[in-house]
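Student: Chains as they are written, first to last, in our numbering: chain A, 22 to 509; chain B, 22 to 509; chain C, 22 to 509; chain D, 22 to 509.
Hints may contain errors.
Which copy is meant is left open, because identical chains are indistinguishable; a pair holds if it fits in one copy or across any two.
Said to hold, decoys possible - Think about it this way: if two alpha-carbon atoms lie no more than 27 Å apart in a straight line, the pair counts; the simulated DSS-like pairs of lysine-lysine are:
| # | residue 1 | residue 2 |
| --- | --- | --- |
| 1 | Lys237 | Lys361 |
| 2 | Lys388 | Lys237 |
| 3 | Lys392 | Lys361 |
| 4 | Lys93 | Lys361 |
| 5 | Lys392 | Lys237 |
| 6 | Lys338 | Lys237 |
| 7 | Lys338 | Lys361 |
| 8 | Lys180 | Lys493 |
Rather than coming from a laboratory, the hints here were simulated on the basis of the structure.
4 protein chains.
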Amino acid sequence: MPAEIKGLNEECGVFGIFGAPDASQLTYYGLHTLQHRGQEGAGIVSSDGEKLYQHRDRGLLATVFADPAELKRLVGDAAIGHVRYGTSGHNSIANVQPFLFRFHDGDVALAHNGNLTNAVTLRRQLEDEGAVFQSDSDTEILIHLIRQHIKEGFIPALKKSLNQVHGGFAYLLLQRDRLIAALDPNGIRPLCIGQLANGAYVVASETCALDIINAKFVRDVQPGELIIIDQNGLHIDHYTTDTQLAICSMEYIYFARPDSIIHGVTVHNARKEMGRRLAQEHPVDADIVIGVPNSSLSAASGYAEAIGLPYEMGLIKSQYVARTFIQPTQALRERGVHLKLSAVRGVVSGKRVIVVDDSIVRGTTSKQIVKMLRDAGATEVHLLIASPPFKFPCFYGIDVSTRAELLAAHYSVEEMRQWIGADSLAFLSVESLIKAINVPDAGEAPSGGLTVAYFNGDYPTPLYDYEAGYLKSLNAQEQRERKERARQ
Amino acid sequence: MPAEIKGLNEECGVFGIFGAPDASQLTYYGLHTLQHRGQEGAGIVSSDGEKLYQHRDRGLLATVFADPAELKRLVGDAAIGHVRYGTSGHNSIANVQPFLFRFHDGDVALAHNGNLTNAVTLRRQLEDEGAVFQSDSDTEILIHLIRQHIKEGFIPALKKSLNQVHGGFAYLLLQRDRLIAALDPNGIRPLCIGQLANGAYVVASETCALDIINAKFVRDVQPGELIIIDQNGLHIDHYTTDTQLAICSMEYIYFARPDSIIHGVTVHNARKEMGRRLAQEHPVDADIVIGVPNSSLSAASGYAEAIGLPYEMGLIKSQYVARTFIQPTQALRERGVHLKLSAVRGVVSGKRVIVVDDSIVRGTTSKQIVKMLRDAGATEVHLLIASPPFKFPCFYGIDVSTRAELLAAHYSVEEMRQWIGADSLAFLSVESLIKAINVPDAGEAPSGGLTVAYFNGDYPTPLYDYEAGYLKSLNAQEQRERKERARQ
Amino acid sequence: MPAEIKGLNEECGVFGIFGAPDASQLTYYGLHTLQHRGQEGAGIVSSDGEKLYQHRDRGLLATVFADPAELKRLVGDAAIGHVRYGTSGHNSIANVQPFLFRFHDGDVALAHNGNLTNAVTLRRQLEDEGAVFQSDSDTEILIHLIRQHIKEGFIPALKKSLNQVHGGFAYLLLQRDRLIAALDPNGIRPLCIGQLANGAYVVASETCALDIINAKFVRDVQPGELIIIDQNGLHIDHYTTDTQLAICSMEYIYFARPDSIIHGVTVHNARKEMGRRLAQEHPVDADIVIGVPNSSLSAASGYAEAIGLPYEMGLIKSQYVARTFIQPTQALRERGVHLKLSAVRGVVSGKRVIVVDDSIVRGTTSKQIVKMLRDAGATEVHLLIASPPFKFPCFYGIDVSTRAELLAAHYSVEEMRQWIGADSLAFLSVESLIKAINVPDAGEAPSGGLTVAYFNGDYPTPLYDYEAGYLKSLNAQEQRERKERARQ
Amino acid sequence: MPAEIKGLNEECGVFGIFGAPDASQLTYYGLHTLQHRGQEGAGIVSSDGEKLYQHRDRGLLATVFADPAELKRLVGDAAIGHVRYGTSGHNSIANVQPFLFRFHDGDVALAHNGNLTNAVTLRRQLEDEGAVFQSDSDTEILIHLIRQHIKEGFIPALKKSLNQVHGGFAYLLLQRDRLIAALDPNGIRPLCIGQLANGAYVVASETCALDIINAKFVRDVQPGELIIIDQNGLHIDHYTTDTQLAICSMEYIYFARPDSIIHGVTVHNARKEMGRRLAQEHPVDADIVIGVPNSSLSAASGYAEAIGLPYEMGLIKSQYVARTFIQPTQALRERGVHLKLSAVRGVVSGKRVIVVDDSIVRGTTSKQIVKMLRDAGATEVHLLIASPPFKFPCFYGIDVSTRAELLAAHYSVEEMRQWIGADSLAFLSVESLIKAINVPDAGEAPSGGLTVAYFNGDYPTPLYDYEAGYLKSLNAQEQRERKERARQ
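Kindly generate the complete structure, drawing on both the sequences and the hints.
Tutor: Dropping the structure here:
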């Protein structure tokens, strides 16, 4: 689970299906392939055309549905599901999605991937007008907004509400007789549409969730779109036309599964290309190239291929690290006890090693890896990062919303190298990252249709509730640049 | 977990330590790295010099010790531990090791990796003489034998008993004041010795368990040896000198962790070399080389390197397949729902693909993989196996003791290819396998110090209780060869 | 658990405390004594003066707090708790109380015993105005009403809201810095105030919850009162003066613990007196008197004392009937397998037995008891009920809201006797019931300050949402009487 | 659960059945009624005529069989079951019965109620001869003895073995094709035989287990008998004729269910008579008589009846005290927080109260009860015990095997009264106890066929392994008496 190594956590994965018998079972398999996007909670709501049925709980999908009877109870031809990452403080079952709201005029279920930038403000306004929230989650805001406008009808109320929320969001809504999907105006979170052989439509965070149930890819949901699926089929609408693609680059670098295809780009291929370009930008003289399993293996093999060095398995990752695992004490940790990663002595001993990783957040894992490799006999350890320095927080759904924990926000590359203890340290440039991913749909969109704000502070949206705190976290130089940019 | 894909299951992993504070915690970490050797049960027995303390249960190590208090109860400077694979029928807690036997003249704990070939006979004899067994396991036989000779003293009784049991075995025994290890006369199961900085000795199935606790490798336990570790240090004795190294080749091919070093050979390196030699024996004209994760990735990268084709990630394996996972129905399976492995469409589509796997047991997974790759757009699928055809059962601790389930026992390579649906199918030769592993300690030992009976029927020991059934399973030709060999 | 025998279920018990260290632990003990009022769910919310902390789940109190760490997390000097009975359909965790609502202007926790008669109407109105409900429970309505009026301040908003809800209710609310209790205008549900030696105030459904924590009884909460407890002590206010005591008579007959004192009457004493008066109204010639354990033992001993016959233990109740207990099949049941109650052969054999029970709902248990006693050798079985025939449903918090299941609603006493199979059957009169309880505070209140609607259809409040359905369930004669009464 | 109040714990209950479909389900119900005899573990072994099937675990019966599938797996027409009390130290699953031993010549299951006095000696001898024990329990000894003689055939070996074990025991054994029961030569533990309408035989610790499944009582098993039930019916044999009835008097006083009939005496009736005789021996001038629920209610009502005072419910016992319950801290306990028992203020306030209890072990509960009653307003509290002072330990299966914890072993009645704080304290005499029970089968047996050693030190058997320790625990006077008695 990346959470423990990285401090980088995606907030969610969503899946929806309409028109398939065993809808909840298919949703279960879809969520299974999205489990990497969130391991703290999981849930499914199904509809049999009359009523909505729900099961959700904390824990991994397989834990939440450990009793197969729970899944069988979720009858019907339509369903939405959700896997969730959540920080420990708010990890109550009340925050596990999909949320199911029951009204005398019809139930609504809601699942959400992303993060709103004006949630605090909206929630305060709503509460002052009488709203009673049941969770800490941003997600719930949408339903309160909808209910405020409900007399205009559900779809008009939804459109109006989608124009009131800001930030990154991919929403799925399930009603008795239809499935609805909506994406933020920058398409920051991925969302795609597929179709089963029987004609049923599927909507999911990543294409790997289509593949597992043998659904054909139809198209990516585009920024600002509102997709409505009902017995008449798929209807593509939009709630705004003021859109600009800026999909989160971290999806390609780290979050998404290597087999997913996002806006036409296979994630493994993008990573391999990042590795190749990294080799062009930062060729190093060494004996072997290794990757940090599992997310960096593609980039490492690209680097090895481009530079012409053997690609080896120099680090291995345990398949059995569970949440309940008894962690080593500090004393043991200092003696080198690492449960997740092990260096392969017989591979690295006596070798000059290039280790490719996808990113550095706090840097603690990098430091451990370098030490581990040296302890296993590596004569040199060169750390090459297949993305640019991670300097600025994410406000769109990655669990890094303060700069305090970002190593690159506070230190130069040389300072980082020294602290980590590598013989050399280098990062991919933002330009190469953009070229490596090379989003075909990007058109004229800035940054090649990507959000690369984590590397250059250039956020595609206003920050609203976060603006003040963010500004305070910047140093003088960065503040000047920020203002400069705002002026343009 | 290999069990589900392969039908190949190792029976156990063992770990012991003497002379270290936190002995049980170190044992826990050691077992953690050996979890791939058995996922059905786990246990630890510790000694504080006066008493022995025990905890064991069904399930993964992290489940068994989900409550950290259980580990804290296991006080003392010495401990042994065990992870277990067991067929479902006998998966009662009574069979989870280490076994702890309490006697008025001193307690004994016992852990075992391997399988005896004369267990049925011994057990029947013992029962007729008054013995009451508490488990179905072979392991318990040793303690009954010891107690029959106990008036001669524990070590003499143990030596006598070790000469009565036949087959493959690596035993660990813990008494109040010493740790004992013993290996069968052919050294079929791996067992190695390490040492901590403080002088404490460690014995483990694989060196990866030494690495995690930062223990230095000392030596492999040799066939017929009896290792006694107590407050006076390490004492190397033997219970027989009629020995001949014949370590299980499947340890290198499939079971052991890639970072383990067995009799001087790093497992990853052996696998990579198997891949290279496979490329020499069976070069195929194609676009890319992919491996079946995780056990075949080393061999696949070796093949790619030798043949000069790109090594790609064409299959990915879910990290989240749990025992409790809800399995697809047959109908869904036929529609292509696979929970463990997914083909990477963006990698294989339009490509002629070489897929390298480590072995074929029943062949069902191979068949699924080929179909999966074709569904994802591969234009050709060539299946190359980095070991010889698996034709004969194992009686020394791998869970394949009948020939019925072995595809290669019943079909020619061409028949297998057709059934699997690959464009071509080829296996590594036994000779190349032996050369690829190249055990340095082998000396004049036949088959290069390896047991390769699974491929050629040439077992290093008599089969005792299994002989009759085995003979019946052979076809006429094989029976003739078997007799021929026996005559020599 | 009465649920299984009776089909009579109380909906809740509440407990609150302000000003005591270990508030949540004391709440836990208080709830423990109220467990008979609800076994489906339990929860506690505490306040440390700054924040509110919550834990709640389905199941018995001891299950919900099986991990003592959960209770320790609930820090602070104030707390409210709740035990809940719920019908299976709505037994989701979302309905387990206390509810905790978080607002930017301060959190509020809410616990409720009772049932509203205008809940459906209120909820529909609120939803149409934008409200989003999170549970199926009536309880949540109050908080939505409060938030609609919140700009007037919390207490004024609460008072206004309490005038909008109708039916039976005892509410506890906890804010950061105060504990609030409110009782319906008829005082249908019991609620009392106590005080610890250190001055801390306690509010609870029954006095047994005061006794267990050694709190002194202060007074019963009176109809229409609003009790506010904060750092300045206890403040008694009211939200309406249009009140009339009509406490639920079933609390005395069946629900409340025998040691509780409600409006000055010890429950055991009231029951014993019911037994005595039953003996006066229906003396029977027999050998022994027995009670149905546990709720009818007091009445049985009163009957025996008054009539001068030996009081014996002729039925015993298992202490070990758990929710998870495997129930006998119908076949076994017919063969007489009863898990809860057993007849004591050595006591009843050859005897003419008077068995005293507190009430008859569906009559199935009575029928079983009579058969059981005859099978054990009783020569005669006389069934005497220490309350009047239960003919009309309860809309104030007892789980009998349809007449369909009430035996006495459809049959005469003689018809019931025949169906049950007793030698004789008799009930206490309504007049004697009222005299036996003899509420000292009753003053001029009709029915002696009691709700006896279950026996005579004379409800102390309008029925609102239930009116139409109830009228339909009445036969012609009853409808006429109902209208007659309404006219008065 | 008596364990927590009393420090008196029965070690077991056993149940067996042969010849009934659903044998394991009937065993489950039988064990349900015997749950009061042991709450630490439960298990059932069934036979379908070919194989034996087993399930057992720690915890209450309903917990052990929480998954109904476990019970369904136990197919066949014969079964034995066991409920177990065990001290915490040895509460491992290995000690939960029935034990199931598998041999090549046929499996044997074994369940045991009682305690052997020569277990340590026998176990040591057996171990020196090669035996390997799997549990700490005495029970296992029998099977090792049988296997030592197995060449003589099973029944002869069993008879020989039963003559080697000493103490109190009721054994049930299940083989593929028969059910065997055996009782010690003094019949210290109760065991009875019943029959179902279909002819199937049942053997159980108490008759309440016959009643629940509608089995007719046939007879009590007599001392020294060996009962064999197979397809030919019931065969009564014996392994010794040197017998003398001395059934444990505590079964009547405290352990057995009030509805059980042991050697012709209904337990409730015996207790009521103890109460009556207590009133004759110790009449007290007071206002009301109350009992300590549940075990003392019969005696209390007998006392009240004899003395002509009202019998009231002055103490009530919570039905919801679970094992997992969070216990009050010492501080809270001193403030009077008691979870199990509550005084009924409205009953005892202002009254002179006679409280009848069945026995005093450590006296701590008695002290609490007296305080509780005074706190609730009792003006006088007279404690009357319906059995003699408990001075000497039990070696036959009650969990009191040292004198240290027995209040009456160290203090005079007046000293006890002062420490407990009662206004008066009196005990029933041994003579009256014997007369109150009045075992019809007793014949010329000393002490009326009862073991009353707990009160007078007169044990019906030699103490073997316990003799030395017991003698040391006696004071000079008691040692003299002991020797005197031994001489006779």
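Student: State for each hint whether it applies.
Tutor: So, going through the hints one by one against the coordinates:
no.: 1; hint: Lys237 / Lys361; in the structure: between (36 Å within a copy, 20 Å between copies)
no.: 2; hint: Lys388 / Lys237; in the structure: between (43 Å within a copy, 22 Å between copies)
no.: 3; hint: Lys392 / Lys361; in the structure: within (14 Å within a copy, 33 Å between copies)
no.: 4; hint: Lys93 / Lys361; in the structure: between (35 Å within a copy, 22 Å between copies)
no.: 5; hint: Lys392 / Lys237; in the structure: between (46 Å within a copy, 16 Å between copies)
no.: 6; hint: Lys338 / Lys237; in the structure: between (33 Å within a copy, 21 Å between copies)
no.: 7; hint: Lys338 / Lys361; in the structure: both (5 Å within a copy, 17 Å between copies)
no.: 8; hint: Lys180 / Lys493; in the structure: neither (34 Å within a copy, 44 Å between copies)
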